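Using the sequences and the hints, build the whole thing.
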Amino acid sequence: MTSHSTDLHDLSVTALAEQLRTRQVSAVETAQHFLDRAKAQQNLGAYVALNEEATLAQARAADALLATGNAGTLTGVPIAHKDIFVTRDFPTTAGSKILDGYLSPFDATVVTRLAEAGAVTLGKLNCDEFAMGSANENSAVAPVGFDAPAPVRNPWDLSRVPGGSSGGSAVAVAARLAPAVTGTDTGGSIRQPASFCGVTGIKPTYGRASRYGMIAFASSLDQAGPMARSAEDCALLLSAMCGPDLDRDSTSLDRPVENFGATLGNDIAGLRIGVPEEFFGDGLSADVRAAVDAALQEYVKLGAKLVPIHLPRTELSIPVYYILAPAEASSNLSRFDGVKFGHRAKHYTDLVDMYKKTRAEGFGDEVKRRIMIGAYVLSEGYYDAYYLQAQKIRRMIADDFQAAFQHCDVIAGPAAPTVAWELGAKSDPLANYLADIYTLPASLAGLPGMSLPAGFGAGGMPVGLQLIGNYFRESQLLGAAHRFQQATDFHLRRPLAL
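Going by UniProt numbering, 428 is the number at position 428 of the sequence shown; the sequence numbering is gapless.
Please note that a few of the clues may not be correct.
[To be verified] Cut-off 25 Å, straight-line C-alpha distance, at most; resulting in silico cross-link-like pairs (SDA-like, lysine to any residue): (1) Lys346 x Leu103; (2) Lys305 x Thr263; (3) Lys392 x Ala375; (4) Lys356 x Arg344; (5) Lys97 x Arg344.
Honestly, the hints are just simulated from the structure, not real lab data. No experiment lies behind these values; they were computed from the predicted model shown.
Following this line, the structure appears as structure tokens:
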């Protein structure tokens, strides 16, 4: 068997899977290569848990399967999981002190399905606490190699944020610490960090991927998705992740498993790309706009047609989201009380005192802030004024998209208003919330959306193009992204320091 260990990390998932299948490289060699890279790049803070023994055991099993010629689509391919998915062989913290030391007795469905496809788990990736954040500065867990909690750093510029909440996931792909990863997207937490780190990420239609074993933030919004370097790789991962899980997830959709890569090569001539006027207003920085405009013109060269559209309630998506998501979070996080698992206060006088002290010690500031907002909008006298009204506007936002899709096939625009900002630059929570303006509408409507590398802005930082599709049109989105990536090389570029 010929060794290719010096450049394994530069291979796509598709190419790596082929080398494994043809026995040009072993699963053990591949896993060890990425484990070594993860340990060598600890300064980025991407990983919060490694278990070399478990990873190499999975790799040996993959090699045994590869030797039989009956391997799955991802057999031997190393991946890493956002630390929001529970795993048996790795601790699960959701980035929170309150889950310190928690080891799940079972794997999340997404983890199980990727394992069934043959993927080898490298470790768990850093994230904002309970997936609440836009910068990955809210994690309360020490990354591998650190003695205390530390923010994840963007490999394109270590002084900048990677985006959030799936910041560790985006960084792992961008820095070649994993060929592909899982993330979750509640209000843009796959698409925004993918944009900031120059990688590709997709959030499928709500309900496509099971939420079983995915620690809940906002149950009507949370959705799992893959992040990788290309649309082709994401299609391979998404095909393995999705499918009905009706017995364990009441929000899972009864849709058959699809091969999302089957139509990647289709021509996009005549594709109608909707361009919302509301995505190109004063809040969009000039450098991001220039990169997005250039990407749209590339689509015109490929035969697509740009169609002006309106999404008139775009600005309302921020207040709507930051009423609904905290409301659901306040309910979901009530289970973390120190009784059955995780952190428990050491000194207390009675049960109620234990609850109070455990939650005060265990939750970070952003989580407490959202719990309090959520409890407020659900309280008597405010439910009708806030929560109910937000639900009505959410329905209107979804209707706006359906009206727009009467005139276009996909919708395109920026994934974020700016490139990645400096660590600590947005200490005001509201400033972070406003950064989600372009990703929130699709999340509220439950639509599939993705970000793909589309150029570079100020400071040489990556810019992502967001594509939004109608329900169950993931294949169309991935196909449009793939054709763009065949014509450009933005997704192949890597941080010079790495």
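Do the hints match the structure? See the list:
no. : hint            : result
1   : Lys346 x Leu103 : holds, 20 Å
2   : Lys305 x Thr263 : holds, 20 Å
3   : Lys392 x Ala375 : holds, 19 Å
4   : Lys356 x Arg344 : holds, 10 Å
5   : Lys97 x Arg344  : holds, 10 Å
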